[in-house]
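K.L.:
This is what each chain is made of:
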Amino acid sequence: MRIFSGQRAFVLQRISALVLLAYLTATALRLAVGPEVTFVQWRTWIAQPLAASALLLGAAALFLHAWVGIRDVVLDYVQPLALRLAVMTVAAAGLLVLAAWTGFIVLTHAL
Amino acid sequence: MASIGHRISGVLLVCLLPFAVLALARSLDGEEAFSSLIQNLQSTFGRFVLALVAWASAHHLFAGIRHLFMDVGIGSSLAAGRASAYAVLVAAALVGAAALIA
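Chains A and B, in that order, are what the protein sequence lines are. Each residue of the first sequence is one higher than the one before, counting from 1 in the working numbering. Each residue of the second sequence is one higher than the one before, counting from 112 in the working numbering.
For the record, the hints were derived by calculation from the structure and aren't laboratory data. These figures come from a predicted structure and were not determined experimentally. Certain hints may be false.
As the list claims (entries may be wrong) - Okay, the calculated bits of chain B under chain A, using three or more residues with CB under 8 angstroms as the criterion:
1. 133-143
2. 176-189
Said to hold, decoys possible - Short derived list, chain A residues pointing at chain B, Cβ under 10 angstroms:
3. A17
4. L18
5. A32
6. P35
7. T38
8. V40
9. L62
10. G69
11. V73
12. D76
13. Q79
14. P80
15. V97
16. L98
17. H109
For every residue, glycine included, the Cβ atom is placed at its ideal position computed from N, Cα and C.
Excised from the complex, chain A in its bound form (with noise of 0.2 angstroms):
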């Protein structure tokens, strides 16, 4: 995947690893000291909107900065080509239907 290559992916990696260290400081937070979440209040969260929305950027984030990053360890510890490439395409396919999974999850309960 060219397009995530090289200074992009470098720039990708802070600025989705930003998003990420603002929500999970967020999540954590709430998770830590607010009281304990219901089935109910749960739902009722996720189907908002704004909700569902920052859900999504947060799982962009979480799945990109994943690829670059299983990227960047598998370009050091596997040199052999057709083995890197192996392990390259599976963890790629895996994280594509993680991430539409992720996408049909929180789109089913907001829409």
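Start from chain A and add chain B according to the hints.
P.N.:
Here is chain B on its own, set in the frame of chain A:
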């Protein structure tokens, strides 16, 4: 150590991603699925997994913040780099331990 830990925790978190998405799906499937998910997470095994996730997330986050500061030239001397590396290791271990106890 903090740097290889950044990679190990990152790869570990990616490997746990399928379970996170599965948990997200289960949590919204209905009242029963939601409470059985919570119950599973509160079992001994679930608490161990959650503590592992807390440690890996904390380590990855702290080491990542350290990298971002170093990118802009803050704390990139050898002494400062060593000190912040130790700080990352200790802080992440504390978060993991806290998650195990809490």
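K.L.:
All hints are to be evaluated individually against the structure, with a verdict given for each.
P.N.:
Checked hints:
1. 133-143: holds (count 6)
2. 176-189: n = 3 at 8 angstroms, threshold three: holds.
3. A17: At 5 angstroms from the nearest chain B Cβ, A17 of chain A passes the 10 angstroms test, so the hint holds.
4. L18: With Cβ-Cβ at 8 angstroms, under 10 angstroms, it holds.
5. A32: Result: holds, 9 angstroms to nearest chain B Cβ.
6. P35: Since chain B brings no Cβ nearer than about 14 angstroms to P35 of chain A, farther than 10 angstroms, the hint is violated.
7. T38: holds, 8 angstroms
8. V40: holds, 8 angstroms
9. L62: Since chain B brings a Cβ to about 8 angstroms from L62 of chain A, closer than 10 angstroms, the hint holds.
10. G69: holds, 5 angstroms
11. V73: With Cβ-Cβ at 6 angstroms, under 10 angstroms, it holds.
12. D76: Because about 8 angstroms separates D76 of chain A from the closest Cβ in chain B, which is inside the 10 angstroms limit, the hint holds.
13. Q79: Result: violated, 16 angstroms to nearest chain B Cβ.
14. P80: violated, 19 angstroms
15. V97: holds, 9 angstroms
16. L98: holds, 5 angstroms
17. H109: Holds - the Cβ of H109 of chain A comes within 10 angstroms of chain B, reaching about 5 angstroms at its closest.
Of the numbered hints stated above, those contradicted by the structure are hints 6, 13 and 14, listed in ascending order.
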